[in-house]
Amino acid sequence: MEFIPIFADPNDKPLRGFYAVRFDDMSAKEDTWSLFIDEMSDPTFRRKFMKARQSKLLTNGYFGTYTVSDASERALEEFLDITDELRDAYSQDIKNLLKLLNQRFHPLVNTDTSSELLKSKAKPKRPKEPWVRLYAVKVSNDLYLFSGGAIKLVRYMDDDEATKKEKRNLERLRDGLKELGLYDQDAYTELEL
Amino acid sequence: MKKDKKKFEEIFRANIGENTSQWDTRPAAMRDDRSAFRRSQRVADRILEFLDENKDWNQKRLAEALGVSTQYVSKFLKGRENFTLNTIEQIERVLNINLLAENQIQVVVPKTIQSIPVYLTDKRMGDNNIIYNSTVHVMLHSNEHDQLFYTGQTNFCELLLDSTKNNTKQAFCG
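For the record, the sequence lines run as chains A and B.
Residue numbers for the first sequence follow the working numbering, beginning at 1 and rising by one.
Residue numbers for the second sequence follow the working numbering, beginning at 1001 and rising by one.
Source of the hints: derived by calculation from the structure; they are not laboratory data.
Among these hints, one or two may not hold up.
Straight line, CA to CA, 25 Å or less: simulated PhoX-like cross-link-like pairs of lysine-lysine [claimed, not checked]:
no., chain 1, residue 1, chain 2, residue 2
1, A, K13, A, K165
2, A, K51, B, K1055
3, B, K1006, A, K138
4, B, K1078, A, K13
5, A, K138, A, K29
6, B, K1078, A, K165
Work the whole structure out from these sequences, hints included.
Okay, here's the thing in structure tokens:
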């Protein structure tokens, strides 16, 4: 398993920033961030995703009524918004990025079963219940590892294959950190943005 | 604790890999010409919608009709192709659809708003003068004139705003 600097400088001391993960079964050109970008920016992927969930999730009134095209566009816009925001923060100063990550990522609870966000006292900047979610672990002060992103149209991660896959990625990452001797239970937190 | 932190950093640094995925150029490219990127995405989506609705068409048939490879069709359906007008016209001719049709609703809002979710009602006069309502949830995006507009193929004659985001001063259908 390798850690790929995304919004980070590996020469920083102490280590800080936002890293992606290259799992052992990924090619040398892949990592969790590149796969996330490839999926979210692919209209074929988004359309297929929304079509598969259309009858259950896009027309039941919870989100209002969405056509597949408009649902796909909403996911694209959310993806562009969040990646722009992270990139802008990092380009100003890494401290801005870390502040943003600290504010916006919320701890996940009970990822072994149904997961629910801890209620945060801070007001979220993004609209309530954004569809595009980022998953990461915080392994030490100011050091985030991105395990993957998904479109989440359900309340609990166990309720949809896409978010179940992200749960598995979090587990893979945790196991990988343990193997490397990098798992510190006190510092380790699983997060969702 | 200090020793553990030092050891942690040593192990972590030893496992830092090279960023070879070119992720940093792709979002930048998406950003440098965001309008063109969005246009590519929308055109790709409309073609995909057509292929979904017309089962006698597929990517292979489209490639043959356009005289291009299936790999090229696959590439532009991933929304990464900056379509030329000629290509768009050719696809429109082959599929007999309009890829760039825009139904604009102009909404005047503060400059700081880049996009806003709204509910749009599509009212059509049906048989026996019955009005059919179809409400959809769409995103309005800002253009270079700081106006919010929607590009889509639904015909609307009324704009209903999401009550939590009502900053509109004026709205009309175009």
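Holds or violated: are the alpha carbons of A:K13 and A:K165 at most 25 Å from each other?
Distance of about 33 Å is beyond 25 Å: violated.
Taking only the CA atoms, is the gap from B:K1078 to A:K165 under or equal to 25 Å?
holds (22 Å)
Has the given pair, B:K1078 with A:K13, been kept, meaning a C-alpha gap of at most 25 Å?
violated (40 Å)
Below or equal to 25 Å on CA atoms is what counts here, so check B:K1006 against A:K138.
holds (17 Å)
Given the hinted pair A:K51 and B:K1055, is their alpha-carbon gap at most 25 Å?
With Cα atoms ~15 Å apart, A:K51 and B:K1055 stay inside 25 Å; holds.
Check whether the Cα positions of A:K138 and A:K29 lie no farther apart than 25 Å.
holds (24 Å)
Consistency with the previously given hints fails for numbers 1 and 4, ordered from lowest to highest.
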